[in-house]
Structure formats: C-alpha cells, structure tokens
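Start from the sequences and build out the full structure, keeping to the hints where you can.
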Amino acid sequence: MTSASFFDISGLAYLLAMVVYIFYLALRKNTLGIIATTVTIFGFVSQSIAFIMRWADSYYLWTGSSPESQFLTSLLRSAPLRNLYESLVFFVWCLILIHLIIEFRYKIRTLGAFITPVAALTLAFIDLSGTSKEIQPLIPALQSNWLLFHVLFSFLGYSAFGVSFGAGVAHLVMLTETKDEKPYIFWSIVVGVFLIILVAMGIDYLSIAGASTEELIKNHFLKSTFRSSSDGVAAVSYIAGIIAIYLIWRYGLGLKKILCSFSISADMLDEITYKSIAIGFPLFSLGGLIFGAIWANQAWGKYWGWDPKETWSLITWLVYALYLHARFMAGWRGKKVAILAVVGFVTVIFTYLGVNLLLSGLHSYGSG
Amino acid sequence: MKDKKESEDIKPENASPQSSSASEAVSEDKKKTTIIDAIWNFLASVKLAIWTIAAIALTSIIGTIIQQDTEPANNIKFLAKLFGDGAAPTVYNIFLKLGFMNMYQSWWFVSLLILLCINLTVCSIDRFPKTWKLVKLPLRPMQDNALRALPIKKEMTVKSSLSVVKDEISNSMSSLRYKAFTSSGDNHLQLYSEKGRYTRLGFYVVHVSLLLIFIGAIVGARFGFRGFLNLPEGAFSDVAFIGEGKKIPLDFIVKCNWYNTEYYVESDTPQKFQSELVIIDGGREVMKKVIEVNSPLTYKGITFYQSSYGMLPNSAGEFVLKVAGRGSEGKISRLRFGDTFEIPGTNTKGTIIDFSPALGRDPQTGKLFTYADTMINPAVAVQFNENGKDTLKGWILKRYPQTGNMPDGSKIEFLDYWGVEYTGLQVSRDPGVGLIYLASIIMAAGLYMTFFMSHKKVWVKISEEKGAVRIIAGGSASKNKLSLERDLDKILAKASHSIEGRSKK
Chain P
2 MTSASFFDIS GLAYLLAMVV YIFYLALRKN TLGIIATTVT IFGFVSQSIA
52 FIMRWADSYY LWTGSSPESQ FLTSLLRSAP LRNLYESLVF FVWCLILIHL
102 IIEFRYKIRT LGAFITPVAA LTLAFIDLSG TSKEIQPLIP ALQSNWLLFH
152 VLFSFLGYSA FGVSFGAGVA HLVMLTETKD EKPYIFWSIV VGVFLIILVA
202 MGIDYLSIAG ASTEELIKNH FLKSTFRSSS DGVAAVSYIA GIIAIYLIWR
252 YGLGLKKILC SFSISADMLD EITYKSIAIG FPLFSLGGLI FGAIWANQAW
302 GKYWGWDPKE TWSLITWLVY ALYLHARFMA GWRGKKVAIL AVVGFVTVIF
352 TYLGVNLLLS GLHSYGSG
Chain U
46 MKDKKESEDI KPENASPQSS SASEAVSEDK KKTTIIDAIW NFLASVKLAI
96 WTIAAIALTS IIGTIIQQDT EPANNIKFLA KLFGDGAAPT VYNIFLKLGF
146 MNMYQSWWFV SLLILLCINL TVCSIDRFPK TWKLVKLPLR PMQDNALRAL
196 PIKKEMTVKS SLSVVKDEIS NSMSSLRYKA FTSSGDNHLQ LYSEKGRYTR
246 LGFYVVHVSL LLIFIGAIVG ARFGFRGFLN LPEGAFSDVA FIGEGKKIPL
296 DFIVKCNWYN TEYYVESDTP QKFQSELVII DGGREVMKKV IEVNSPLTYK
346 GITFYQSSYG MLPNSAGEFV LKVAGRGSEG KISRLRFGDT FEIPGTNTKG
396 TIIDFSPALG RDPQTGKLFT YADTMINPAV AVQFNENGKD TLKGWILKRY
446 PQTGNMPDGS KIEFLDYWGV EYTGLQVSRD PGVGLIYLAS IIMAAGLYMT
496 FFMSHKKVWV KISEEKGAVR IIAGGSASKN KLSLERDLDK ILAKASHSIE
546 GRSKK
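Chains as they are written, first to last, in our numbering: chain P, 2 to 369; chain U, 46 to 550.
Source of the hints: derived by calculation from the structure; they are not laboratory data.
A virtual CB, placed ideally from N, CA and C, is assigned to each residue, including glycine.
You may find that some hints are simply not true.
In silico DMTMM-like cross-links for lysine to aspartate or glutamate, where the CA-CA straight-line distance does not exceed 25 Å [stated by the list, open to error]: (1) U:K126 to P:D232; (2) U:K333 to U:D283; (3) U:K535 to P:E104; (4) U:K511 to U:E311; (5) U:K142 to U:D171; (6) U:K300 to U:E363; (7) P:K303 to U:E321; (8) U:K317 to P:E104; (9) U:K333 to P:D268; (10) U:K317 to P:D308; (11) U:K524 to P:D268; (12) U:K142 to P:D58; (13) U:K198 to P:E182; (14) U:K526 to P:E104; (15) U:K122 to P:D232; (16) U:K92 to P:E182; (17) U:K122 to P:D308; (18) P:K303 to U:E363; (19) U:K126 to P:E182; (20) P:K303 to U:E289; (21) P:K258 to P:D268; (22) U:K181 to U:D171; (23) U:K181 to U:E239; (24) U:K524 to P:E272; (25) U:K526 to P:E272; (26) U:K204 to U:D189; (27) P:K276 to U:D296; (28) P:K303 to U:E337.
So the derived label-pair ranges between C-beta atoms look like this [stated by the list, open to error]: (29) U:I170 to P:V347: 31 to 39 Å; (30) P:K180 to U:P476: 53 to 61 Å; (31) U:K224 to P:L13: 36 to 44 Å; (32) U:T306 to P:R334: 54 to 62 Å; (33) U:I121 to P:A57: 46 to 54 Å; (34) P:F195 to U:T176: 57 to 65 Å; (35) P:I186 to U:P476: 47 to 55 Å; (36) P:R334 to U:T176: 21 to 29 Å; (37) U:G479 to P:V234: 52 to 60 Å; (38) U:A99 to P:I198: 43 to 51 Å.
Here you go:
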C-alpha cells in the first residue's frame, strides 16, 4: 500500500468517527463513545503511517540529490512539511493528536464531535481541491534543522487554538439569549463568514477545473464570486453573502437548542476553551515565536524583522496573552473571553493562510 | 474553570492572621493616596495592560498591509486602489505624517512598546512582594471540616498503630518527593506537604524574559548594524553598506572566491545558493568557508549571510573547463571567449564560440534557445578542429556533464563560467542576540512553570479509632488535578502495602 491509500483510510476513519461522536453526544451511550475513540485512533495510526511513508519517500529523494548528506541531516531535510498540502495534512494530524491527549488526560469525549468534523472537512477539502500531492524538493531557505521543530510546535499550537475556537463558538452560542445582543451578532457573523468563504472557495474550484490549490487560492481566490471581473456577479455574491449571514442570524438561536439537547454545559465549554489555550499558548510561543526567531537569525541575520508573517504571529500571541490576562487578572468571564478566543483563532487563520495568500513577505514559500 | 489563580493567591486555605493584617495595611494606605500613588497604581493596573496589548495588536496590522520602507510609488499605487487615484496622494501624505510608512519605528508605536514595558515592570514590582510572601508562607495543617471539603479526597482504614502508619505514610510521601511536615494531636496527627510552590512565580519569569527581549532589541539597535555587500566573484572589500552609499568599516577584508547556485537533478528548483568567502585579517588568510542560506560565516562578531545573487552587467568571465584525454586525468584550464584548448593525447583542438546562461530546447521544434538571463542552465558551445579541419560543434552543459563526452572517449567538463556573477551578502552585527537567546530560554522555562507545572498540596490525617487507624488524605492542585489524584492513590497504596508487610512479620 502507498502513503496515499493510508491517507485515504485515515480520512474515511475521521469521517466515520465524526458520525459516531455526534451520535454519542446525542444518545450518551458509552459503547458509542468507545467506538468513536477507537475509530479515531485507527485513523490517527493510519495517518501516522502515511506521514512516515511520505517522509521515507522524500528521504530517498533527498539522498538521491545529496548523497553526501548525513543520516540525521537528510532525515530533518526531508520532513514532509514543505508546502500548503503537507502543512494542512499535518495540521489535521496535530488536531487529532491534541484531541486524543485531551480526551485521555481530561476524560472529555464530547469534544470529538467538534474536532473530527474539522479534521474530516480539512482532509475532504485537500482531496476535493486536488492539491498537488507530489513531493517537491526543499528550497534552500527551508534547509534548516529548525524547520521540523518550528513547524511541529507551531502547528501543535494552532491545533490547540483550533480546539479553543470550536469550544469558544459553541460557548457563545450557548450564552447568548437574544438576537440583538452584540456577542450573538458577533458569532453569527463569524460563522457566516466562515461558511461563505468555504462555499465561495468551492465555487472557485468548480469553475476553474484543473488548477492546483496553490494556484487556485493564490490567483483565483474568490474570483468567481466576490472578486469577479463582472460587477453583476460580484454584486449578486455580496447580496447572497448578506442574505446568508442574515439567515444565520435569524435562525441561529435554534443552534442553541440543539447544543442544549446534547447536554453540554456552558462551564465545560469554557473550561475546554481555556485548557486548549493553556496548551496552545506555550507551544506557540516556543515553536512559532522563539524557534522562528532563532531560525530567522540564522537564515536572514535578524531574529525579528516585522515581516508580515512575523507581525501576524505576534498579533496572534498578543490576542491570546490578552485572553489569559483578561481571564485571570481582570476576571473576565463568559461571553467576553469567549469572543477573545474566537478572535484569537481568526488571527491564527490569517497568520497561517491569509498572510501567505494576501500579503507579501519572506515567508512566501508557505503558499506554494 | 475552578482554579482561578488570583483567588487562590488571595485566599489560600491556610490564610494566616499576618496576611489579613497585611490587607488592612493596604486599605489604610489607600486612604492617603497621593498623585504619585495614583500614577503608580495606573501603571501597575491590569486595565492598562489589556488596553496596551490590544492597541499594539491592532496597530501592528497597519504595517502588514502598507509596505514598510519601500518606494512611495508602491504604496500610492496600493492606496489608489482603496481610495481612488485622486485621493491617494493626500491619504499617502497623511499616512506618512502618522508614520505608517515605517510604523514599527514610529514614535507612537515605540511609545506603546515602552508603555507595555513600564506596565510589565511596575506591575511585577507591585505584585511580586505579595506573591513572594504567599509562596514563602509555610503550609499549615488543615482543620477537619476543611479537609472534608477538599475536592480531591481518599480514605482508608488499616489495622495498625498510629506510629507505624505515620512512618509508612511519611516514607511513601517522601518517595513521591513530598517532604512531609507533622502536627500531632491527642490520638491523631496530620502529615502535610506541598510541591511546586514556586510555579506561582512562573509568569514573573515570563515577564522578565519579555523585558530582556526589549533590552536585547535596544542593545542591538544601539550598538549593532545591519548592512549589505554585493561582492563580484574574485572581488574583495573592507567595508559594508547601510542604506544608500553609507559605509561601515569592517576592520578586515572579506573576499568572494566564487558564487554558485546548485539545482536539483533535472529541475530548475534551486537546491543551494552558496559562496566561498575568505577573511583576510592583518594580511593573512584567517578563515575560509562556503556559506549557504542557513549557514552563515561569523568573524569578529560580524556575520555574513547568503542573501541574494545576480549577474554582473557587461562582464566577460573565464570559462573553467576540465579537459581529459581518453583514459587520462583531467586538467583544469581557464579560458576566455574565443580561446582555444587542446585535448591531450589527440590532435583535436576546441575553440569557445558561444555561451548561454540558460540553454533550453523547444519541445516542439527541437530548436535550442536561451530561456533566462541568469545562470540557470549554463552551456558553452565548442567548435572542435582536428588537424586543421573543423569537425564537431556542440554545446556542453554544466549541469549535464555527459554532454561533454566525446566520441573518441575524451571528456570535457564545463565547471563554471567564473567572474560574471556577484554574491549578495547581508552583513550584520548584533550584540543583543545573546540577550535574546537568554531571554528565549528564560521564557521557555517560565511558560513551562506557568502552564505545565502544578502547585500541589497534600494533607494526610491519621487518627486512631477503636484499634484501627483511619487515614484521610486530601489535596488541592492549581492544575492537572488528575495527577494529584494519582499521587494520593500512590501514597496510600504504597503505605498500605508496607503496613501489611509489617503486620505479617
């Protein structure tokens, strides 16, 4: 079997796990929970095998062109973390890892119902968009021992933040009572924008056949809808977007009923949000900022250069620092901190994808 | 979340009379607040921290959208898209005045950073004595009802004597590295201990590391420099440049022997950008290194980074060929355009008649053409001549050595077209880097203390009841309550195991 088939198996496993987790949440049957966990572990193992096989393939590719390179160096240089495809896959792997850790350590199984959909959707997106899966050679800027550690810790952090985002949104949904309060409007817009961008990217994909994800996002991002050269199409897209947000706002309270029927408490969601940030923040500080700075100093001769990617990771770090201070020192609770957690992950997404796609800078290889 | 850090610090289970009198003293102070106190309290406040952090985060966005330190035209073009062609120059001028074109060095952004630093320092100075007092406060034995109210509790009854149980519990506690204190009553006693009390200082450690980073940045800005130097192959320099024509003396000479881009096999993806640099100090060659993107050269605190490369305009270089007759070792010859070389052991001569920096073949017509003006796929055309008669003419490619294999078994390798490229070096000295690295280590330690270590307290009450000994163990932890529960289980299991063992003897 090839790395790709193990990868497909893991995608299917996460999809199945998602369904079982949701049933577990609804029916509260312990057996279902155990099945869901088992399927997730199965998917995780399968994805790990796929990851290792891909690593091995690219190891042979590297030693093929640099036969003089030592074993450890070759191993580090061939880590499959070189482009958008590989990093998205790795993000899913980290997300599931963090989820499994939280599940076993804190005995919280309900979280699976929120995390496996993210994992399954990301993998589906990768597969559907036909992202280039070919192993690409490593460009000189990335040939450093720091690559693995910088990316590993950053993504473990991102994944933990992803968990806090899911829990934070769910928390906001549970805490808001009326349609005219600001937190309610906030979450309905955030959820709306997320869905609209996903749909718009889907339309991009359908209308421009054969382009790789990199090209699609870089050159055609929302060009079939909001950024269309035809003013009519753009106008219709905006109207459709506004209607979609309006509908989410109008019927969003229904979501609260669904969540309440799953017997999740607001306190639990708050705790999950906090705990994942408490895991993500130190990991991201170490991997994203500290390792990043050391590497930048070795490669570019400056540990900090206010490059857009650096600046956005600082912004992310500041937002989560704000969350921690607001929660512990200023005593913020409930909606206010949940909003901060959601804003934090929006900055994470921007740091990870937005900077590479929309802004220029030294980190440009992250997009290709 | 139950482990609200602040409340735990303010109201510990073992609140002593001293700490309540301390809080009275604070409230008395408040009555006599002077302006200085008011300023101090403002600078120490969490509110200021929250606003400053939010302001830095928000304003930082501007500099990621507007290109920093660039030609005005770039940003005017960008602003024209947002505000229209007419308004763009006006908006540009307003933004320029606000410092947006170089905003991370602007007075207001630097002021925000300094404000955060002051806030960090004042807040830490303000709070540290209180926290230190709490950390230093000895743990006290716990009242019965408080012990019962603890969130984590284990109970057990054994047939043994008070003193035996005390010994064994104390042993098993110390084996888990809980150093036990004892308080004795009539027919009961209590063993209590805590672990990781210093974890509460973790966030101070993080704050200190942030201050060190600021200091490191200031040291770097004040005593360091960041320049560049473009060195043609074979050239040397004793200065570097900062900005337009401003020179920085190096105190030694740096020379570039050669520059080379290496490509992956059968692909135009670069694998390595490398230059061989030589340092000449006091007339002697003291250092020689091939630098690459992630592998710079440092001499006397000044570091040279491989940063760019390019072709020199209108330059004629040397063709470096390795010519080998059939079965003989190759000899290196350096030739100019139009020069002729001999293949040893034959009557064949070769003349360099053409050069292409990037030779490609059109897949449809099969015609050769030059597809780039940088040295992506350098090739040299050689006209061969045997006994005065022109024979073969062919291209020899640097990246494809087999193109130099001759029908008669001799070999010509095209090693380099030397002297036509320059290496672009980033030259910098930053004496603050050491502080930054130190701060990084301190920050990692502080983060670990704050987020992954837990302050655990354990109380074990042992009482004799009707010939049996009753053990109640309870505890509290600032984080990771499960691990505390495991600790309690281990303490009891180990102790009961040894007690059983003793009673059998």
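Checked hints:
Pair hint K126 (chain U) plus D232 (chain P) holds up; C-alpha atoms about 16 Å apart against a cutoff of 25 Å. About 16 Å separates the Cα atoms of K333 (chain U) and D283 (chain U), which keeps this hinted pair within 25 Å; it holds. At roughly 23 Å between alpha-carbon atoms, K535 (chain U) and E104 (chain P) fall within 25 Å of each other, so this suggested pair holds. Straight-line distance between C-alpha atoms of K511 (chain U) and E311 (chain U) comes to about 88 Å, which puts the hinted pair past the 25 Å bound.
Restraint check: the Cα-Cα separation between K142 (chain U) and D171 (chain U) comes to about 38 Å, which exceeds 25 Å; the hinted pair is violated. Taking the CA atoms of K300 (chain U) and E363 (chain U), the gap is about 18 Å. The hint holds against a cut of 25 Å. Between the alpha carbons of K303 (chain P) and E321 (chain U) the distance comes to roughly 22 Å, so the proposed pair stays at or under 25 Å and holds. Taking the CA atoms of K317 (chain U) and E104 (chain P), the gap is near 44 Å; set against the 25 Å cutoff, the hint is violated.
Only pairs whose Cα atoms come within 25 Å are accepted, and K333 (chain U) paired with D268 (chain P) is rejected, the gap being roughly 63 Å. With a CA separation close to 23 Å, the supplied pair K317 (chain U) and D308 (chain P) stays within the 25 Å bound. About 17 Å separates the Cα atoms of K524 (chain U) and D268 (chain P), which keeps this hinted pair within 25 Å; it holds. A threshold of 25 Å between alpha carbons decides the hint, and for K142 (chain U) with D58 (chain P) the separation of about 54 Å lies outside it, so the pair is violated.
With a C-alpha separation of about 43 Å, the suggested pairing of K198 (chain U) with E182 (chain P) is violated against the 25 Å cut-off. Note on K526 (chain U) and E104 (chain P): the hinted pairing holds, with a Cα-Cα distance of about 15 Å set against a maximum of 25 Å. Pair hint K122 (chain U) plus D232 (chain P) holds up; C-alpha atoms about 22 Å apart against a cutoff of 25 Å. Our distance criterion of 25 Å between C-alpha atoms is met by K92 (chain U) and E182 (chain P), whose separation comes to about 24 Å.
Between the alpha carbons of K122 (chain U) and D308 (chain P) the distance comes to roughly 20 Å, so the proposed pair stays at or under 25 Å and holds. Using a Cα cut-off of 25 Å, the hinted pair K303 (chain P) and E363 (chain U) is violated, with the two alpha carbons roughly 36 Å apart. Among the hinted pairs, K126 (chain U) with E182 (chain P) is inconsistent with the structure: their alpha-carbon atoms are about 35 Å apart, more than 25 Å. Taken as a hint, the K303 (chain P) and E289 (chain U) pair is honoured in the structure, with Cα atoms around 20 Å apart against an allowance of 25 Å.
The suggested pairing of K258 (chain P) with D268 (chain P) holds, with an alpha-carbon distance near 16 Å, which does not exceed 25 Å. Between the alpha carbons of K181 (chain U) and D171 (chain U) the distance comes to roughly 17 Å, so the proposed pair stays at or under 25 Å and holds. A threshold of 25 Å between alpha carbons decides the hint, and for K181 (chain U) with E239 (chain U) the separation of about 12 Å falls inside it, so the pair holds. Annotation: proposed proximity of K524 (chain U) to E272 (chain P) holds, straight-line Cα distance about 12 Å (limit 25 Å).
Restraint check for K526 (chain U) and E272 (chain P): satisfied, since their Cα atoms lie roughly 14 Å apart, inside the 25 Å limit. With a CA separation close to 22 Å, the supplied pair K204 (chain U) and D189 (chain U) stays within the 25 Å bound. Between K276 (chain P) and D296 (chain U), the direct Cα distance comes to roughly 54 Å. Violation of the 25 Å bound is thereby established for this hinted pair. With a C-alpha separation of about 16 Å, the suggested pairing of K303 (chain P) with E337 (chain U) holds against the 25 Å cut-off.
As the Cβ distance of I170 (chain U) to V347 (chain P) is approximately 35 Å, the hint placing it in 31 to 39 Å holds. Between K180 (chain P) and P476 (chain U) the Cβ separation comes to about 58 Å, which falls inside the hinted range of 53 to 61 Å. Remark: the range hint 36 to 44 Å for K224 (chain U) to L13 (chain P) is contradicted by a beta-carbon distance near 53 Å. About 57 Å separates the C-beta atoms of T306 (chain U) and R334 (chain P), a value consistent with the hinted range of 54 to 62 Å.
About 51 Å separates the C-beta atoms of I121 (chain U) and A57 (chain P), a value consistent with the hinted range of 46 to 54 Å. Between F195 (chain P) and T176 (chain U) the beta carbon distance is about 41 Å. The supplied range of 57 to 65 Å is therefore violated. Roughly 51 Å separates the CB atoms of I186 (chain P) and P476 (chain U), a value that falls within the hinted 47 to 55 Å. In this structure the hint that R334 (chain P) and T176 (chain U) lie 21 to 29 Å apart at CB holds, the actual value being about 23 Å.
For G479 (chain U) and V234 (chain P), the hinted distance range of 52 to 60 Å is satisfied, since their beta carbons lie about 57 Å from each other. Between A99 (chain U) and I198 (chain P) the C-beta distance comes to about 25 Å, which lies outside the given range of 43 to 51 Å.
Violated hints, listed in ascending order, are 4, 5, 8, 9, 12, 13, 18, 19, 27, 31, 34 and 38; each of the other numbered hints is respected by the structure.
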